[in-house]
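Please work from the sequences and hints to get the whole structure.
These protein sequences, in sequence, are chains A and B.
Take 1 as the starting number for the first sequence in this note's numbering and just add one per residue.
Take 1001 as the starting number for the second sequence in this note's numbering and just add one per residue.
You may find that some hints are simply not true.
[Stated by the list, open to error] Heads up, simulated DMTMM-like pairs for lysine to aspartate or glutamate below, C-alpha to C-alpha not over 20 Å straight-line: (1) A/K106 to A/E121; (2) A/K195 to A/D184; (3) A/K80 to B/E1228; (4) A/K106 to B/D1198; (5) B/K1190 to A/D60.
I should point out that these hints are in silico values taken from the structure, not numbers from a laboratory.
All figures in this text were calculated on a predicted structure; none of them were measured in a lab.
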Amino acid sequence: MGIKVDHLFYTYGKKASNSTLALNDVSFTINDNEFIAIVGETGSGKSTLAQTFNALLIPDKGEVTVDQYVINYKNRKSKKLKGLRKHVGLVFQFPEYQLFEETVEKDVAFGPKNFGIKGEEALKKAHEALKQVGLDESYYKRQPFELSGGERRKVAIAGILAIDPDIIIFDEPTVGFDPSSAKDLLNLIVSFHQKGKTIIVITHDMDLVRRYAERVLLLEKGQLTFDGSPSALFNYVQDYDRLEIPQVIRLTMKLKEKGADIDVSAIRRSDDLINEIQKWRAKNG
Amino acid sequence: MASMTFGRYTFRDTFVHRLDARNKIFLMILFMVGIFFQFHMWSTALVLSGLYFIILLIVMIVSKVNFLSLFRSLSGMWMFIIILMAIYIFIPNNNYYLPTAFNIGSLEVKWDAFCQSAYIILRLILMIALTMVLTSTTKPMDMTYAFEWYLSPIKLIKPWRYFAHEIAMTLSIALRFIPTLLDETERIMKAQASRGVDFNHGGVFKRFGAVIALIIPLFVSALERSEELANAMIVRGYDPRANRTRYRLLRFSWRDAIAFIFIVGIFAGIIFLFVIDTKENPLDIINIIFGVKGF
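Put into structure tokens, the structure is as follows:
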């Protein structure tokens, strides 16, 4: 299931004198089963954009089309939009703060229940989702508030997974995580992608973009200024100091400047660079 | 949230803004008490209400308070007005001064019912407007300082010496965190909406469930936040029992004296009228001013 974004405008505080234009004429299309990263500075409109995808925010002008759902100002009050949220799951930043039930399984089953799945069936969905995020049966009956921050976040993500959306949006999923938990979480996200879900990740982490994203959207002050592959992005932003280009990419670029014949677009992780250097050395004897 | 503009402090340099917060609170309470004196003649109540409105209008113009936001906050009151009218029409009362307006079956509806509810609504509007003038011309911090000052007699009781300061500190923190918690509410509402909660449609039970899903996370985060804040304060050496000086001082100036004399004078006048107004010999302002018998 894809998303079509057509000339989107959104303004915060329309009536107030200090209104800010958060989205300014943004258009693009997301295809089925893509892994997309949305990057940009704080306040560039990333989260705003993501929130229009499941109609939490209604654009002032322009429209978002997801499957048969059309989100625009005209049908902002449509009851159908709730059904859209079954297809587009949004995992907010620090989702661990949305838990409220007394047991983990009940909290995860809350989503499916809201979309009309009955008790037993919803619990089954919850158990499946919990298994996917790596929480076993011993967690089912525990209280969410006695878990650690990382476990709570996993429960919250399972809460979205249990709804079984086709498109999952993650807003800064790894913020505040230690490197190994972050890696676990990213592997999890990649596994969803492999199961055929469309993944959209909002992030500041360029390493994440380099390793996993198939396509990157760069937002600057509410405008879409770049849409393409990660390596093309790193080329594009070379002298744009607000985005941190990953070390490996920087090294590769420097090597290429000095005359090494390496394809920057082939580099996704550090192993790739080693391979490329070895290939290049073999070629040059 | 943009909808919370009602009565929010807006910086302006006016006579009312410069008044001492302690004075402002005192005078506001005095004015409100004055508004709630009941008179026997409708014409007297009407004339005095008009007078209050004129005073309020002057205060609002002087303090440059936004009129529009007052009307916006009143637009939610129509339900209240209907209920009030129904109560006065259907619940019998033997103090009628005015003729019958119309009959519903065997029930006589007196004009008093309408006057009575209109009078209450007028006074409520006055109260709301007064509070709005106070909150939009006084910094929340000054308000808590004033509150602390009013609680200061408690300091004389030894075990409660620090009570006033602690209450004021708690209040100021509570005020400071209102916008933060509003943001938090919006965030959690959106997160739960992503999980299929519909806050705007559905029956009572569904909505109740939706509110639970909002309130519990909100409490959890507020409690966690308070703990963090307490720790941060302790780490920086905050001690509620320390003797402290203050950066901002509340001062009683000539402006305060003028405002004080003005409002207290009006209050004294109202008390005078109230005292000479008796059931046997009700005060008739219309008669005094225009020489025409009032009602």
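For each hint, the structure was consulted:
Proposed proximity of A/K106 and A/E121 is supported: the alpha carbons are some 12 Å apart, at most 20 Å. Restraint check: the Cα-Cα separation between A/K195 and A/D184 comes to about 17 Å, which is no more than 20 Å; the hinted pair holds. Among the hinted pairs, A/K80 with B/E1228 is inconsistent with the structure: their alpha-carbon atoms are about 41 Å apart, more than 20 Å. Using a Cα cut-off of 20 Å, the hinted pair A/K106 and B/D1198 holds, with the two alpha carbons roughly 18 Å apart.
With a CA separation close to 18 Å, the supplied pair B/K1190 and A/D60 stays within the 20 Å bound.
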